[in-house]
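Colleague: Listed in order, the protein sequences are those of chains A and B. Letter by letter, the first sequence follows residues 1 to 141 in this note's numbering. Letter by letter, the second sequence follows residues 1 to 226 in this note's numbering.
There may be inaccurate statements among the hints.
Negatives, chain A to chain B, calculated, CB over 12 Å [as the list claims (entries may be wrong)]: (1) Pro6; (2) Val18; (3) Gln24; (4) Gln44; (5) Pro52; (6) Glu80; (7) Glu84; (8) Gln86; (9) Ala109; (10) Val113; (11) Asp115; (12) Arg133.
Covered, in the sense of this in silico footprint (three residues per stretch, anywhere, with C-beta under 8 Å from a C-beta of chain A), are these stretches of chain B [claimed, not checked]: (13) 106-118; (14) 186-192; (15) 210-218.
Partial list, derived from the structure: chain A residues whose beta carbon lies under 8 Å from chain B [unchecked claim]: (16) Asp23; (17) Leu25; (18) Phe36; (19) Ile57; (20) Tyr58.
Derived by calculation from the structure, the hints in this document are not laboratory data. Predicted model only: the values in this text are computed from it and were never measured. Heads up, the beta-carbon is just placed ideally off N, CA and C, and yes, glycines get one too.
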Amino acid sequence: QGTSVPFGGMEGDRDAPVEVTADQLAVSDADDTAIFTGNVVIGQNDMRLSAPRVEVIYTADQSGISRLLASGGVTLVSGEDAAEAQEADYDVEAGIVIMTGDVLLTQTANTLVSDRMRLDLEAGTAQMDGRVRTVLQPGRE
Amino acid sequence: MAGPCALPYGRHMRTRLHATQSRTQPLSGYSRFVAWAKILLPLASLALLSTVFLVARQADPAKSIPFAKTDVEALAREPRVTAPLYAAVTRDGATITVSADTATPDPASEDQATARKVWARIQTSEGIEYNAVAEEGRIEGNEIAILRGNVDITTSLGYRLRTEEMTAELGMTRLTTRAEVDADGPLGEINAGRMEVRTEDVTNASVMVFKDGVRLIYRPSSTDDR
Numbered sequence: 001q002g003t004s005v006p007f008g009g010m011e012g013d014r015d016a017p018v019e020v021t022a023d024q025l026a027v028s029d030a031d032d033t034a035i036f037t038g039n040v041v042i043g044q045n046d047m048r049l050s051a052p053r054v055e056v057i058y059t060a061d062q063s064g065i066s067r068l069l070a071s072g073g074v075t076l077v078s079g080e081d082a083a084e085a086q087e088a089d090y091d092v093e094a095g096i097v098i099m100t101g102d103v104l105l106t107q108t109a110n111t112l113v114s115d116r117m118r119l120d121l122e123a124g125t126a127q128m129d130g131r132v133r134t135v136l137q138p139g140r141e
Numbered sequence: 001m002a003g004p005c006a007l008p009y010g011r012h013m014r015t016r017l018h019a020t021q022s023r024t025q026p027l028s029g030y031s032r033f034v035a036w037a038k039i040l041l042p043l044a045s046l047a048l049l050s051t052v053f054l055v056a057r058q059a060d061p062a063k064s065i066p067f068a069k070t071d072v073e074a075l076a077r078e079p080r081v082t083a084p085l086y087a088a089v090t091r092d093g094a095t096i097t098v099s100a101d102t103a104t105p106d107p108a109s110e111d112q113a114t115a116r117k118v119w120a121r122i123q124t125s126e127g128i129e130y131n132a133v134a135e136e137g138r139i140e141g142n143e144i145a146i147l148r149g150n151v152d153i154t155t156s157l158g159y160r161l162r163t164e165e166m167t168a169e170l171g172m173t174r175l176t177t178r179a180e181v182d183a184d185g186p187l188g189e190i191n192a193g194r195m196e197v198r199t200e201d202v203t204n205a206s207v208m209v210f211k212d213g214v215r216l217i218y219r220p221s222s223t224d225d226r
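Build the full structure now, drawing on both the sequences and the hints.
Modeller: Right, here's the structure in full:
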């Protein structure tokens with residue numbers, strides 16, 4: 001079963017420019033890969049996704065970016081909500097982020113833990129799949 | 001007295017001669033026209049002929065012979081090579097050609113030369129091509145070519161890079177920029193502190209590494225109409 005939770009407040013525009021900052025970027029022509037390494041931060045609208053390593057997957061006709069694969073411990077912040085996971089697959093064209101590997105979603109009111117989370121940036125909703133557990137903080141109003 | 005045959009002949013001859021030598025009756029219109037023509041026509045021809053030489057525009061010898069206005073003393077004083085071409089094949093099989101408008105050897109040390117309007121091309125064994133254009137270049141000791149002054153690099157990978165200074169090693173394929181670099185390519189606009197192009201030794205793939213802080217801006221919608 002899955003829990004769908006509003007995430008990140010206002011909707012993000014899918015065609016907004018994506019900005020990636022990192023320490024290093026290696027573009028190799030042989031296998032057509034481009035890999036950002038060294039505290040990489042992907043930003044679009046008010047969403048920030050940071051990870052130590054991000055690999056770029058080109059579109060079929062090599063004219064742009066199709067997906068960004070972040071790995072090695074990912075944190076995603078949007079508005080006052082934040083999510084952490086081991087890996088994140090950000091489909092730039094569709095505006096969908098799929099985070100896998102003990103996902104921890106912390107929102108002002110509650111915290112959710114699950115194996116996998118699908119985040120729709122445009123609609124601003126997060127869908128948690130797998131074993132979803134809620135961590136209640138007694139005493140927090 | 002002369003024989004009878006001589007007399008008629010003589011009289012006949014005398015009357016014909018007599019006609020041509022002294023004109024008794026006035027000339028006919030046509031004869032007068034011919035007489036005048038014999039005077040006027042040569043004069044006209046003389047006039048025409050003179051316009052060719054007397055009236056013609058004076059050709060100025062100085063302007064008609066084009067000659068370059070370069071500073072001859074400078075050319076003589078400064079030993080320079082025009083359109084020098086330097087070509088080399090690196091250990092990993094890439095061909096490098098460096099050429100320029102002019103190259104003047106460095107008086108300080110003999111194996112260095114500074115060149116103006118430099119153009120360098122590197123073709124790796126995998127067929128990837130890098131073309132760099134710069135205002136000034138130096139080749140130091142058959143090892144490194146340094147290009148300086150808004151260096152503009154285009155690569156067959158679809159990237160175009162601009163930087164202030166760049167070095168290309170002549171022994172192996174390695175391009176490194178010594179200044180900040182702005183690049184534009186399939187990934188979008190990239191700004192980085194340094195950029196280095198090298199060939200991986202095992203796979204022989206050409207890798208472009210942006211270092212010292214990289215910032216990429218990618219516009220999803222704009223790539224469709226590029």
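Colleague: For this structure, which hints from the list above don't hold up?
Modeller: 2, 3, 4, 13 and 19
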